[in-house]
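K.L.:
Since the structure of chain A is provided, determine the placement of chain B on it from the hints.
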Amino acid sequence: MFLLPSTENIINLPSVSPYRTRRFATLHIHTSMAPSTTSSTSATPPPSAPPPFTLFDADLTTAPKPFRNPNAKPPSRRVKNAKQIISDESKRLSSINGPGVVDKPTYINVEAPPSVIPRKWWCDITGLRAPYRMPGSGMRYHNKEVYEVIKQLPPGVDQQYLQLRSANVVL
Amino acid sequence: MPVAAQPGATFILDNGAYTIKAGYATAGAPSLIPNCLARSRDRRVYVGDEFLTQCKDFSGVVFRRPFEKGHLTNWESEKVIWDRVLLSSEVGFNVDPEETALIATEPVLQLPVCSSNMDQIVFEEYGFSTYYRCTTSALVHENETGLLFGGSGRSDTSLIIDSGYSATAIVPIVENTVYHPAVRRLNVGGKLLRNFLKETISFRHYNMMDEAFIINEIKDQSCFVTASFAKDLETCKRLKAASNPLALDYVLPRATASGIRQGHIRDMTLPPDPDDQILTLGNERFSVPELLFNPSDIGIRQAGLPEAIMQSISAVPDPDVRGLLLGNVIFVGGNTKFSGFRERISSELQALVPDDITLRLGFPEDPVTYGWQGGTQLGQQKSRLRSRQVTRKEYMEHGPNICMRKFGKKTVDVLEYNT
Numbered sequence: 209m210f211l212l213p214s215t216e217n218i219i220n221l222p223s224v225s226p227y228r229t230r231r232f233a234t235l236h237i238h239t240s241m242a243p244s245t246t247s248s249t250s251a252t253p254p255p256s257a258p259p260p261f262t263l264f265d266a267d268l269t270t271a272p273k274p275f276r277n278p279n280a281k282p283p284s285r286r287v288k289n290a291k292q293i294i295s296d297e298s299k300r301l302s303s304i305n306g307p308g309v310v311d312k313p314t315y316i317n318v319e320a321p322p323s324v325i326p327r328k329w330w331c332d333i334t335g336l337r338a339p340y341r342m343p344g345s346g347m348r349y350h351n352k353e354v355y356e357v358i359k360q361l362p363p364g365v366d367q368q369y370l371q372l373r374s375a376n377v378v379l
Numbered sequence: 025m026p027v028a029a030q031p032g033a034t035f036i037l038d039n040g041a042y043t044i045k046a047g048y049a050t051a052g053a054p055s056l057i058p059n060c061l062a063r064s065r066d067r068r069v070y071v072g073d074e075f076l077t078q079c080k081d082f083s084g085v086v087f088r089r090p091f092e093k094g095h096l097t098n099w100e101s102e103k104v105i106w107d108r109v110l111l112s113s114e115v116g117f118n119v120d121p122e123e124t125a126l127i128a129t130e131p132v133l134q135l136p137v138c139s140s141n142m143d144q145i146v147f148e149e150y151g152f153s154t155y156y157r158c159t160t161s162a163l164v165h166e167n168e169t170g171l172l173f174g175g176s177g178r179s180d181t182s183l184i185i186d187s188g189y190s191a192t193a194i195v196p197i198v199e200n201t202v203y204h205p206a207v208r209r210l211n212v213g214g215k216l217l218r219n220f221l222k223e224t225i226s227f228r229h230y231n232m233m234d235e236a237f238i239i240n241e242i243k244d245q246s247c248f249v250t251a252s253f254a255k256d257l258e259t260c261k262r263l264k265a266a267s268n269p270l271a272l273d274y275v276l277p278r279a280t281a282s283g284i285r286q287g288h289i290r291d292m293t294l295p296p297d298p299d300d301q302i303l304t305l306g307n308e309r310f311s312v313p314e315l316l317f318n319p320s321d322i323g324i325r326q327a328g329l330p331e332a333i334m335q336s337i338s339a340v341p342d343p344d345v346r347g348l349l350l351g352n353v354i355f356v357g358g359n360t361k362f363s364g365f366r367e368r369i370s371s372e373l374q375a376l377v378p379d380d381i382t383l384r385l386g387f388p389e390d391p392v393t394y395g396w397q398g399g400t401q402l403g404q405q406k407s408r409l410r411s412r413q414v415t416r417k418e419y420m421e422h423g424p425n426i427c428m429r430k431f432g433k434k435t436v437d438v439l440e441y442n443t
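Respectively, the protein sequence lines represent chains A and B.
Start counting the first sequence at 209; every next residue gets the next number (our numbering).
Start counting the second sequence at 25; every next residue gets the next number (our numbering).
Just chain A, same shape as in the assembly:
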């Protein structure tokens, strides 16, 4: 024979709207009291309407929680302060406008959009335009005279030249 739990101390919350945030934890206090101990001199006010039979009442698996503190407040939602909100807003605006695109140039951000024209290469030795590349090391050179010089370089020096433009191989 199953005994349904007592419905005396259920606190019913107001109905939840579809947009309601999960702000407050639902607080169901369930204490099973022996009926004979409730005396007429206790200060419980007479109920105005019988409490509705909720899903909680039909759930037989909930055990009584006598150690639950009825006065426990749910943990307060973390509040953002003004500095965080302002930085979030500036991030949101920059994400809407795109990383390379700005609304208008200001004195704080002078950002250029990424370039679409082909890249220019410069000779590592002379500094002139370098259409050619050394196959082994990847050094750039201007003409065949510079090529003769690069061919003669001692072993580590080509990596040192590449280090000047951060193109060296780091082991």
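Hints in this document: simulated from the structure, not taken from any laboratory.
Be careful, since some hints might not be right.
[Claimed, not checked] Using 20 Å as the maximum straight-line C-alpha spacing, the simulated EDC-like pairs for lysine to aspartate or glutamate come out as follows: (1) B:Lys103 with B:Asp73; (2) A:Lys281 with B:Glu100; (3) B:Lys80 with B:Glu92; (4) B:Lys417 with B:Glu123; (5) B:Lys103 with B:Glu74; (6) A:Lys288 with B:Asp120; (7) A:Lys281 with B:Asp107; (8) A:Lys291 with B:Glu92; (9) A:Lys281 with B:Glu149; (10) B:Lys243 with B:Asp390; (11) B:Lys361 with B:Glu241; (12) B:Lys103 with B:Glu130; (13) A:Lys352 with A:Asp366; (14) B:Lys255 with B:Glu418; (15) B:Lys261 with B:Asp244; (16) B:Lys417 with B:Glu148; (17) B:Lys255 with B:Asp321; (18) B:Lys80 with B:Asp273; (19) B:Lys93 with A:Asp296; (20) B:Lys80 with B:Asp321; (21) B:Lys243 with B:Glu130; (22) A:Lys291 with B:Glu130; (23) A:Lys288 with B:Glu100; (24) B:Lys103 with B:Glu114; (25) B:Lys103 with B:Glu148; (26) B:Lys417 with B:Asp120; (27) B:Lys261 with B:Asp321; (28) A:Lys288 with B:Glu418; (29) A:Lys291 with B:Glu100; (30) B:Lys361 with B:Asp342; (31) B:Lys430 with B:Glu130; (32) B:Lys103 with B:Glu122; (33) B:Lys93 with A:Glu297.
P.N.:
The following block gives chain B in isolation, referenced to the frame of chain A:
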């Protein structure tokens, strides 16, 4: 005074960073409730108006305000204060949100996420039947502003300067709508003036860094705006305090056998009481409000109020509208209550405004509640309000974005719903 709940009424809540001005549209004057949680030295927390009525000892009071830098960030505190204002029987409004239309104000240039949070709180936590959010300047515009200029009637175009606690906002309203590209915000407000006075006094006289409330009273009672700063500074430098007409003795509050004696300006005709602590104020009296006109005095890289007004005017493209705006300038907010403010701003603006434009400045009787009074005017004209407000049904259907759309801002793209 307790009022019975009025279904179908409009409730106007001018949500300022310092005080909330609240009342039904049918009332003549609002209730002023401090918008803060105050903790006194004996660790008791007062909510809103409890602080003024119940707190006896104002020294060492720590304030927690929901507003930060002029944005409403902390709804934990603000909800507690709003519950007291709207729902408690001590304040006495007994608002039934389901049946009430709400007109609430927000600061100028508030971040969209803060406005959106307010919209959500109004509809989801309280459940008001209809809601309209605007700036205090928009409500000021609803008043019969012609009365300020010796005439009558309302004007379609006016320039409202709202100098409050967090900041000073310059809002041009053209043909009954706020012209957003020309809105300017100056970061000098009552809070900055109070903090500057606090630091100056702490440096020169007594350490009062914890006594924000007492310093605020000193500022209200003894500060004034000077007509010529250099001349008065010279006077204070040249003359000793005894013979200086600008110097003033302020008696700090102290505990007596019969309670706390509040701070007051010393009456020079009476002999000084040996138990009193006297604070002699010299050039602090006028150098503090001078920050409104020259914020660069303390290194704030913004223009002063007259120049900011002209910057706002020059952002309005049509020269005829500029003339109309300058002919209807209205000053509201607590900072305009300083004595000498009117003369100083008139002379400074007159110097900057072109010859052919007539400058008319309006100063309402009570600059703090003038915005709320405008709210009552709007609240009583149901037809105008109906076109602007958002009803609860619309909110439930469309979500918070409809508030952003109707109240004149771009839609907030990312909002999370927990269904």
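K.L.:
Against this structure, judge whether each hint is valid.
P.N.:
Comparing the hints with the structure gives:
Taking the CA atoms of B:Lys103 and B:Asp73, the gap is about 14 Å. The hint holds against a cut of 20 Å. A threshold of 20 Å between alpha carbons decides the hint, and for A:Lys281 with B:Glu100 the separation of about 13 Å falls inside it, so the pair holds. Under the criterion of a C-alpha separation no larger than 20 Å, the hint pairing B:Lys80 with B:Glu92 is inconsistent with the structure, at around 27 Å. Distance hint between B:Lys417 and B:Glu123 is fulfilled; the C-alpha atoms sit about 13 Å from each other, no more than 20 Å.
For the hint pairing B:Lys103 with B:Glu74, the CA-to-CA distance comes to about 16 Å; that is within 20 Å, so the pair holds. At most 20 Å may separate the alpha-carbon atoms for a hinted pair to count; A:Lys288 and B:Asp120 exceed this at roughly 30 Å. Proximity of A:Lys281 to B:Asp107 is assessed by CA-CA distance (about 17 Å); at most 20 Å being required, the pair is judged to hold. Taking the CA atoms of A:Lys291 and B:Glu92, the gap is near 9 Å; set against the 20 Å cutoff, the hint holds.
Between A:Lys281 and B:Glu149 the CA atoms are separated by roughly 17 Å; this keeps the pair inside 20 Å, and the hint holds. Between the alpha carbons of B:Lys243 and B:Asp390 the distance comes to roughly 18 Å, so the proposed pair stays at or under 20 Å and holds. In summary, the hint linking B:Lys361 to B:Glu241 is supported, as the alpha carbons are separated by about 13 Å, within the 20 Å threshold. Distance hint between B:Lys103 and B:Glu130 is fulfilled; the C-alpha atoms sit about 15 Å from each other, no more than 20 Å.
For the given pair, A:Lys352 sits about 17 Å from A:Asp366 by alpha-carbon distance, which is consistent with the 20 Å threshold. For the suggested pair B:Lys255 and B:Glu418, the alpha carbons sit about 60 Å apart, so the restraint of at most 20 Å is broken. For the proposed pair B:Lys261 and B:Asp244, the alpha carbon gap of about 23 Å is over 20 Å, so the pair is violated. As the CA atoms of B:Lys417 and B:Glu148 are separated by approximately 12 Å, the hinted pair is consistent with the 20 Å bound.
At roughly 16 Å between alpha-carbon atoms, B:Lys255 and B:Asp321 fall within 20 Å of each other, so this suggested pair holds. Of the pairs offered as hints, the one joining B:Lys80 and B:Asp273 is violated, with about 24 Å between alpha carbons and a cut-off of 20 Å exceeded. Simply put, B:Lys93 and A:Asp296 have alpha-carbon atoms about 15 Å apart, close enough for the 20 Å limit, and the pair holds. With a CA separation close to 37 Å, the supplied pair B:Lys80 and B:Asp321 exceeds the 20 Å bound.
With a CA separation close to 26 Å, the supplied pair B:Lys243 and B:Glu130 exceeds the 20 Å bound. The suggested pairing of A:Lys291 with B:Glu130 holds, with an alpha-carbon distance near 18 Å, which does not exceed 20 Å. With a CA separation close to 11 Å, the supplied pair A:Lys288 and B:Glu100 stays within the 20 Å bound. Simply put, B:Lys103 and B:Glu114 have alpha-carbon atoms about 17 Å apart, close enough for the 20 Å limit, and the pair holds.
A threshold of 20 Å between alpha carbons decides the hint, and for B:Lys103 with B:Glu148 the separation of about 12 Å falls inside it, so the pair holds. As the CA atoms of B:Lys417 and B:Asp120 are separated by approximately 17 Å, the hinted pair is consistent with the 20 Å bound. In summary, the hint linking B:Lys261 to B:Asp321 is supported, as the alpha carbons are separated by about 18 Å, within the 20 Å threshold. Of the supplied pair hints, the one linking A:Lys288 and B:Glu418 is violated, its CA atoms being roughly 28 Å apart against a limit of 20 Å.
Proximity of A:Lys291 to B:Glu100 is assessed by CA-CA distance (about 17 Å); at most 20 Å being required, the pair is judged to hold. At roughly 32 Å between alpha-carbon atoms, B:Lys361 and B:Asp342 are farther apart than 20 Å, so this suggested pair is violated. For the hint linking B:Lys430 to B:Glu130, the alpha-carbon distance of about 15 Å falls within 20 Å, and the restraint holds. Taken as a hint, the B:Lys103 and B:Glu122 pair is honoured in the structure, with Cα atoms around 17 Å apart against an allowance of 20 Å.
Our distance criterion of 20 Å between C-alpha atoms is met by B:Lys93 and A:Glu297, whose separation comes to about 15 Å.
Of the numbered hints given earlier, the model fails hints 3, 6, 14, 15, 18, 20, 21, 28, 30; all others are met.
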